[in-house]
Structure formats: C-alpha cells, structure tokens
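**Student:** Produce the entire structure from the sequences given, and follow the hints as far as they go.
Quick note: the sequence shown uses full-length UniProt numbering, first residue 1, plus one each step.
Read the hints as simulated data drawn from the structure, not as lab findings. Since this is a predicted model, take the numbers as computed values, not measurements. Accuracy of the hints is not assured; some may be wrong.
[Unchecked claim] Once the Cα atoms are required to be at most 25 Å apart in a straight line, the calculated SDA-like pairs of lysine to any residue come out as:
(1) K168 <-> S403
(2) K42 <-> I383
(3) K196 <-> I282
(4) K196 <-> R43
(5) K121 <-> S466
(6) K168 <-> F182
(7) K42 <-> I184
(8) K310 <-> S327
(9) K42 <-> H374
(10) K168 <-> I505
(11) K310 <-> I167
(12) K370 <-> V522
(13) K310 <-> I337
(14) K196 <-> D69
(15) K196 <-> P39
(16) K515 <-> I505
(17) K121 <-> A329
(18) K125 <-> T488
(19) K38 <-> G368
(20) K168 <-> A329
(21) K196 <-> K370
(22) K38 <-> P367
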Amino acid sequence: MKDVYQLGSSPGVVKVTGHEYSSEVDRDEVDLLRMGKKPVLKRRFGLMSLLGFSCTILITWEGILIVFDIGFSNGGPGGLVYGLIIVWIGTLSVYACLSELASMMPTAGGQYYWVAMLAPKSSRKFFSYATGWLTVWGWQATLASVYYLAATQIQGLIVMTRPDYDIKAWQTVLLFWASMVFTIFVNTVIGRFLPKFEGFILILHILGFFAILIPLAIFGPHQPASEVFTTFLNTGDWSTQGLSFMVGIIGSVYTFTGADGAIHMSEEIENAAVIVPRAIIISLVINGALGFGMLIVTLFSLTNVDGALKSPTGFPFMEIFLNSTGSVAGATVMASILVVMQYAANVGLLAAASRMLWSFARDRGLPGWKYLMHVEPRTALPIRSILITTFVSLLLSLIILGSATAFNDLVSLSVSSLQSSYLVAISLLLYRRVTGGIHPRKSATDDVVSWGPWHMHGIWGIAVNSWACLYLITMVFFSFWPTATPVTASTMNYAVLITGGVVIISLTYYQLWAKRVYTGPVIEISVE
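**Tutor:** Written out as structure tokens, the structure is:
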C-alpha cells in the first residue's frame, strides 16, 4: 500500500493513506485527492489530442498574419522579425515555469490555485483571489477578442470579393454571434468528441501552413533581404524607434497568448502531471517555428506596404495574398483557411475559458458560484460555465456598436490580465525555489509543497524563473500603451482603465462579500 499526499489550503500537505494506484488514471485521481478535489470531469484527452488543443488555441502562424498590422506599424519588418524572436524565447521561459507548476499541481484552476499554495500565509487568500479574477477576465477578454477577429475576417473576405460591400457594425456583431454559436455547439452538443476534433484540427493547422506558405514563396514578386531584416517603421510617431518597437511587440505577445489553456483542461487529461507540460512545450516549439517561417515568407512577399496597411479588407495579409497570387479566387481560398482555423481555435478557447470560470466558482471566488460550479452528470461537462462564458462575450460584443476601436483594446486587456496572473504565480515559484520551500516529491511531508515529474533543476530553474519575471513585467507595462501619438480619445488604449475597473470590481466584491466565503481553494474531499 502506497502513501499519497493531499495538498491542503495552505502551502503544506496532509498525508493520505489507503490509496494504491496502478494506472495513469488512478494517479490522476490521487493527484486530485492530494489537492482536495473530487474527480467530476471525464478524462478524455491524451498527448496528441491535447497537443492539437494547445497548438490550435495558439494558432501562432495564423495569428501573426491576423494581427500583422500591430507590429508592422510600430516596428516594421525588422521589428516584427526580432520582436517575434524575443517573444518566442520569453514565452518559452514563461511556460516552462508554468509547466513546472502544472506538473506539481495539475488542476483546472491553474494560477490562482498555485498562488494559494505558494504565497505566504498572511497574504495567501488575497493574492489567490486577485489572481483568480485576473485569470478569469483575461480569458473572457481573449475569447471575446477572437470572436471579433473571426467576424471581421469574414467581412474582409466579402470586401475582397465584393469591393462595394459596406461594413456595418451590426453585421460584425451578428457574425460575432455566429462564431459564438458554433463554439457552443462543439463544446456542449458534441463536447465528448472535443479531443478528436482537436486532433483533426492539428492536421489542418499543419497542412494549412504549407497551403499558404508555398504560394507566397513561389508566386509574385519578392523584396530583397535588406528590406526584411534592416527596415524599421515608426508610423505611431513615437519619440524613438526603440519605443515604437516595444509598443508594436505586443502584437507578437498576443499570438502566443493562451498556451495555459491546456492547464485549465488538466482535470480532463490522462496523466496530466506529465502530459500537460509536455504538450505545452511541444506546442510552443511547433507554433514558434511555424510562426517564424510564415512571418519571413510574408515579409519577403510584402512589396506594396501602403496598399497592405490601407487594405479595405482591414487585414494586410489579405492584400498580400492578392498581390502574390494575382487572383481574387486564390487569395480568397488562402484567406478562408485562416477563417477556418480561427473558428477552430475559438472552440478550444471557449473550453479553456469556461473551465477556468468553473474552477474559480468551485472555490467560491465568483458571484453565483453555487450555480456556476455545477457539472452536468450525463456529459460530465460544466455546461452552465460554458453558457455564462459565452454570455459575457455576447455582452462585450455590444461594445462594437459604439466603438470598434474600444473593442480592440480587449487585445491589450487579454495580454495584461493573463500575463499579470503568470507573473504573480512565477514570482512566488521563484521565491519558494530560492528559499528551499519546494521539496522532492518522494520526500513530501507536512508543511511541504513538492516538485512534480516535470522540473527544471538547480541554477537553470532559477535563471529561467528570473528571466520569465523580467519578461512579463516588461510586456505587462507596454500592453497599456496606445499605438500612436498624439493620444486622443480615439487612439487611447483603454485597457488600463478596463483592467483597473476589473480590479476595483473584484476588490469591492471581495470586501463586501467574498472575503467571508472565499478562503482559498476549497477542500472538497479529505481521505485518511
């Protein structure tokens, strides 16, 4: 009979005996018992399906094309190339740290749970609560922003085939809702097939890359290497090129946002402590490589800068496709691949966002937590959290009717909120690492948090943790900057106000109610 341990609502463990396991499923259940959680979700994901899930949530090569203008306007070709390299390295370090935490504590809650386990006792409750709200709203903003991108890409396709089409805000909202309905259908009606769906989309993700890369590389004119690697732009009229570069780099950061989606699916993954870190790192390597390759080929194919940036479609990549192929039909087919991949990514993003909402509600961190924590017994899916998550997106979509510019700030809110939640968790991991507060798993005893199977050892771990913290601080800071000067009401980045509003609302709710019901992660089951 083997001893296993249950993590308490403090950074310690309580010994649990009487549980012997012989399979990965048993080990997963034991890990949940260690964290005081009941296994209520069905483990449907393996390595390949989770790899598909993680890769298609990121859709980095697609994202680089979709938000191309952010980095190109502030940075230019050179800024995009070197910015992507910096972001890729920085993101790898961040998710290497998060993978350590996911291996130690594979729970759908992710960041806020880890903070509760690692923070000093005096501040554990508050920091965990604040991190939970940042993560929830970061995911809500991410989901709403990708619904918007799916809608506007379809409108861009219509403009490319029918130049007389006049884009209307209400039409954008309806297309937004259409994308939302599709993701609800996949996540609920056929939710049990989600792993197979994600595995299939991984194949499309790879094939779609070559279906676009090859025509761009073969057809159309190409500019010299000097134009790609040594040309920088500052269309935002910033005081220095370096400042312009840092403002534009946020576009690349956004294309790597969401890899923690795999973490929030942890309670639906077999052998989660091993598979989650492995899938995250592999997906970042694959997506980073594909993204870099697509960026280089696209920049070489960009021979008409003004035409691309001022494209009536609203997306420079559509104009680049049109110039390269010389065919509206060919460009439409290529652009349609990105629309399909965006819709597919939105499915996984809804799954991850809803699991995060469900988990935080399970630990009483949100208003209406009793309702939100419900799991449908027949399907083993958090249907209510899925529906409420999309309802929040529906409400956010109404912003489009007033100002599409204001809605675009959800990109910055997504980056600032999620990166801030990563920063809190990784900073505490670094603190525990250097103070010896985390012990080898086999020596787990009372008052100890132990490493999981995936672990960076010694000075290497400290170096990666430190670099990740510096990277995150920098990116959070610049996520609040506007894209151009002088700053007016129409060019202002309202993400700082929205983030501040989220913080104020969460603190108000905490003071009025939550501090009496939220005590950190709830121990649902204790086995001796």
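**Student:** For every hint, state whether the structure bears it out.
**Tutor:** Hints, one by one, checked against the model:
1. K168 <-> S403: Judged against 25 Å, a Cα distance of about 12 Å means the pair holds.
2. K42 <-> I383: 13 Å, holds
3. K196 <-> I282: 19 Å, holds
4. K196 <-> R43: 13 Å, holds
5. K121 <-> S466: 23 Å, holds
6. K168 <-> F182: OK: K168 and F182 at ~22 Å, within 25 Å.
7. K42 <-> I184: 19 Å, holds
8. K310 <-> S327: The hint holds at about 19 Å.
9. K42 <-> H374: Roughly 14 Å separates the two Cα atoms, so the pair holds.
10. K168 <-> I505: 33 Å, violated
11. K310 <-> I167: 15 Å, holds
12. K370 <-> V522: With a Cα-Cα distance of about 13 Å, the restraint between K370 and V522 holds, given a limit of 25 Å.
13. K310 <-> I337: Judged against 25 Å, a Cα distance of about 22 Å means the pair holds.
14. K196 <-> D69: Violated, because 34 Å separates the two Cα atoms, which is more than 25 Å.
15. K196 <-> P39: Measuring from Cα to Cα gives roughly 22 Å; hence the hint holds.
16. K515 <-> I505: 14 Å, holds
17. K121 <-> A329: Violated, because 62 Å separates the two Cα atoms, which is more than 25 Å.
18. K125 <-> T488: Cα-Cα ~39 Å, so violated.
19. K38 <-> G368: The hint holds at about 20 Å.
20. K168 <-> A329: At roughly 24 Å apart (the allowed maximum being 25 Å), A329 and K168 satisfy the hint.
21. K196 <-> K370: Judged against 25 Å, a Cα distance of about 31 Å means the pair is violated.
22. K38 <-> P367: Holds, at about 22 Å.
Violated hints for the displayed structure, listed by number in ascending order: 10, 14, 17, 18 and 21.
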